Amino acid sequence: MPIPKDIVRIAETDWEIPVTHKPGMRVPARIFATLSLLEKFDDGVFEQITNVATLPGIVGQACCMPDGHWGYGFPIGGLAAMDPEEGVISPGGIGFDINCGMRLCLTNLTFDEVKPRLREMVDRLAGRIPAGVGAEGTVRISRDEFREVVERGAPWAVRRGFGWREDLDRTEEGGCLAGADASKVSEKAVDRGYRQIGTLGSGNHYLEIQVARAENVIDRETAESFGIVLPDQVVVMFHCGSRGFGHQVATDYLRIFLGAMRTRYGIHVPDRELACAPFRSPEGQDYFAAMKCAVNMSFANRQVILHRVREVFSEVFGRDPKDLGMRQVYDVAHNTAKLERHVFGGETRELLVHRKGATRAFGPGMAGIPDDCRETGQPVILGGSMETGSYLLAGVRTAGRTFFTTAHGSGRAMSRTAARKRYRGRQLQEQMEERGIYVRTASWAGLAEEAGPAYKNIDDVVEATERAGLSRRVVKLLPVGNVKG
Amino acid sequence: MTPPYRYLEDIATADVAFEAWGPTREETFLAAADATLNTMVADTESVAPRERREISVAADALDLLLFEFLQELVYHKDAGRLLLRVRDLRIEESGGKFRLLAQGWGEPIDCGRHPVLADVKAVTLHRLAVEPTPSGWRAVVVLDV
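Residue numbers (the working numbering), protein chains in the order written: chain A, 544 to 1028; chain B, -8 to 136.
All clues stand as given, with none of them false.
No more than 30 angstroms apart at the CA atoms, straight line, and that leaves these computed lysine-lysine pairs for DSSO-like: (1) K565(A) to K881(A); (2) K88(B) to K727(A); (3) K565(A) to K583(A); (4) K658(A) to K865(A); (5) K88(B) to K731(A); (6) K881(A) to K731(A).
Hints are computed from structural coordinates only; laboratory data are not their basis. Because the structure is a prediction, the values reported are computed rather than measured.
Build out the structure end to end from the sequences listed, making use of the hints.
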């Protein structure tokens, strides 16, 4: 689909589609991208982001990040802030994989130390962290305890011995959104989730051993404050979410909202995936409390996975994880709606910020980030394709117009079906190994779908966020080992 | 035999879209069930009918009935780790309401025998359609994977 004719370039990386673009738009749509990224945006993005601009109570503009691509309802990379009194909450603005997110953990090992044990480590990680279709975890708990997990999040996991207290300080929202209410989630959601804690999932979910090469450190001072201090330092990054539990919560409420939206609230949306309800309605509040459960399940899931990673490193190197310097850099959430305080229209207001495939990126001095990041801004973790690398970024002061939000990854450029036709999993694995990246996968076809060229260039995406003033580069991380879900 | 469904490349970049068809609504729904299963496992014939699950869903539109039906299969994939093939599918319609009854036959995922593909997270409403064609019916579904 061509770029809309009425799009206006209001700054180098800011493209605005005015409210006159289609009937019903309440605010403009704003896309953050360089010209070359904009030209590669796929068909659905322009249609979907202008649909988002029609939602009741949206303030400012409907935003799309530089890694935006065709989703359902919202585009992936979509952002919408709603007035909590006048506005709606929409499961389509959050996604089915609620709080899919990224976590990054340090080590004090260099690549030379890890290299001889790399295969063994990747194999052990693949064995310890179940992945793939319907995978079950190794944490055995009852349905009742699972309800406690979803109300308490990562602190539950730490209390059970999965991780360290300090991990919670390095997790968005401390690893638990207050107000989660397990009575608002269905039995079906519990059925799907209670055996999945500590599992990776599939699709674009993965765990990587990465290297911070000296030449890829862009801001040495910030890198050091985030814990990247050695040449060729090894780190571990992973991407996963709330698994079947979150998927069921989203599905349940999509169904409820679809019924209530027109009959009870008289809201009409251009796409059923934008089904929504007033935030202050009973349905809206129930979904908000249930969604928080899924957010917390996901924080707990990543907390358990971090613990497994530390176990494996500790076994392989015969040293305590603390002695191996395995501190968590940060944990960021991608698919959420949260009440946050932002300056808008000259006053500080509470807004319901929907982020779908977008990352919170709070700048220096903002409340809600670790004390030792007050000068640097929040660490932001951007996962690239498994072949090209990922980034550690920092939040900046200039991101107010996106309510301090930046991109979440490379963004797909090729459909899964097209990628599977073009690439072969086994061949790809061999080619990657020749280039020094050892991969273990639960699915060969799944591996082919994640081939590097199926994604936008992460360097371009990250550069666009920096030029747009949404986040800044700290260090690029290159993969050497990958467990693919 | 060519299965009565095909995967679509041009919509929903990050997800899996398919078109399924058949001479009747029931056969179209069965084709959509196989297409959903085939998104998760490479060979649907590898799923042996060892366990049975009754499937009973209702909706007030035919496309939403398909949504509810496929969502049941996704539920069983996580809740019992069950891969299911569907038989004896019946659709009843009365007063603008639709009801579907069917039997799912299958077995728990065994990675040794079932080469797994993608984990289906959810059935989306994006471009969801069930519509008559000159030769029967067709459905379009986008799955979140």
